[in-house]
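Colleague: Sequence:
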Amino acid sequence: MTSEHHTTLQNLKRLLPTSLLAGLVGGGLLVVLQTYVHTWCWGGIARYNQGLFDDIGTFQGLALGILSLLLAGMLPAALQREEDGIRRDFAVLAGGITGFTAFFVLELHSMVASVFGHGYAAGLSDVLSLARDTLANLFFPLLAIGLAMAALAVLGAFVVSFFRERAGGPNEGAAASRLILCSTAAAILVVAVLPPLAAYAMLDAGMIDMNLNPGTAVSTMTVVSVERTAPDTLVLTVREVPPASVLDPGAPFSVFMNGVAVSDASACAASDLDVTVDPPGGLSAAEGSRAAWTGAGVSNNGTPVDVVVTAHGADGSEIVVLSRTI
1 MTSEHHTTLQ
11 NLKRLLPTSL
21 LAGLVGGGLL
31 VVLQTYVHTW
41 CWGGIARYNQ
51 GLFDDIGTFQ
61 GLALGILSLL
71 LAGMLPAALQ
81 REEDGIRRDF
91 AVLAGGITGF
101 TAFFVLELHS
111 MVASVFGHGY
121 AAGLSDVLSL
131 ARDTLANLFF
141 PLLAIGLAMA
151 ALAVLGAFVV
161 SFFRERAGGP
171 NEGAAASRLI
181 LCSTAAAILV
191 VAVLPPLAAY
201 AMLDAGMIDM
211 NLNPGTAVST
221 MTVVSVERTA
231 PDTLVLTVRE
241 VPPASVLDPG
251 APFSVFMNGV
261 AVSDASACAA
271 SDLDVTVDPP
281 GGLSAAEGSR
291 AAWTGAGVSN
301 NGTPVDVVVT
311 AHGADGSEIV
321 VLSRTI
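The opening position of the sequence shown corresponds to residue 1 in the numbering used here, with each subsequent residue numbered one higher.
Derived from the structure by calculation, the hints contain no laboratory data.
For every residue, glycine included, the Cβ atom is placed at its ideal position computed from N, Cα and C.
Accuracy of the hints is not assured; some may be wrong.
Claimed, not checked - Quick list of simulated restraints, FRET-style, between CB atoms:
# : residue 1 : residue 2 : range
1 : E240      : E172      : 36 to 42 Å
2 : R228      : G123      : 28 to 34 Å
3 : T303      : D55       : 44 to 50 Å
Whole structure, please, built from the sequences with the hints as guidance.
Modeller: Structure below.
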């Protein structure tokens with residue numbers, strides 16, 4: 001084996017673990033930014049102006065994805081010691097490996113979340129089955145996405161290796177790498193935090209119209225819950241109350257059990273369902289309020305009870321806030 005080939009193999013051995021680790025970091029960063037951070041930033045205000053905030057969130061997610069892949073691609077080239085003499089073509093190869101690894105991490109998370117997010121018992125075989133079906137039906141679109149992600153990581157590796165080669169010496173090259181990495185990380189932080197902060201501030205200042213669609217707003221909230229506290233008793237509890245711009249704060253909730261209106265004591269007495277409600281006024285639209293329905297009409301005798309709760313929208317509409325069989 002020639003000296004050149006030996007050096008090539010040594011470079012590949014050094015770069016492969018670093019590239020895989022950088023890909024895992026980049027893929028994990030993408031997962032966190034696109035799911036948990038996005039929900040944390042926009043979950044509380046997206047319902048107030050769905051179209052505007054959805055658009056901002058989409059562009060924010062795209063920018064964060066690009067910056068994250070650039071950062072992941074930079075890591076293998078930036079972490080190499082200057083005396084190792086890494087060439088730019090090896091740095092670019094490392095970036096490609098990093099990008100594809102990040103793609104696999106992102107896809108794996110998506111498949112696992114899809115399989116285990118339905119509430120039923122699932123296992124590894126379900127994940128493998130979904131992966132097989134996904135590859136069979138979406139191979140070329142997935143390949144295009146993987147190539148695009150790899151290209152962005154390659155670009156990041158190229159930028160770092162370019163500036164390291166142009167630096168005056170080892171110390172200057174290391175300083176340039178650190179500056180680029182820190183600048184990219186700072187850009188990710190700014191893009192992640194600044195848009196939602198600006199949106200919150202503009203909402204508080206009244207600079208953004210709260211085009212709040214009642215149905216959309218309520219769909220993002222757990223307004224009412226139901227539980228069986230005794231064999232013949234169902235208790236409804238108000239967990240969250242949308243703002244007055246969504247629901248009429250003076251109107252109580254309407255309650256139906258097995259299709260029969262039992263919202264208050266008078267409705268229960270007029271119905272053919274053997275049930276009473278406490279308090280007599282039913283379930284008021286106040287956070288923490290509770291009301292209990294008791295009687296043979298809601299007893300646990302082997303036949304489930306269909307419970308539907310509707311709220312009165314500020315625009316006059318009726319909005320279903322709970323529909324459950326218990």
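Colleague: Decide, hint by hint, whether the structure agrees.
Modeller: The hints, checked one at a time:
The hinted window of 36 to 42 Å between E240 and E172 is violated, with their beta carbons roughly 56 Å apart. A C-beta distance of roughly 31 Å is found between R228 and G123, which places it inside the suggested range of 28 to 34 Å. With their beta carbons about 47 Å apart, T303 and D55 fall inside the hinted range of 44 to 50 Å.
Of the numbered hints listed earlier, the single one contradicted by the structure is hint 1.
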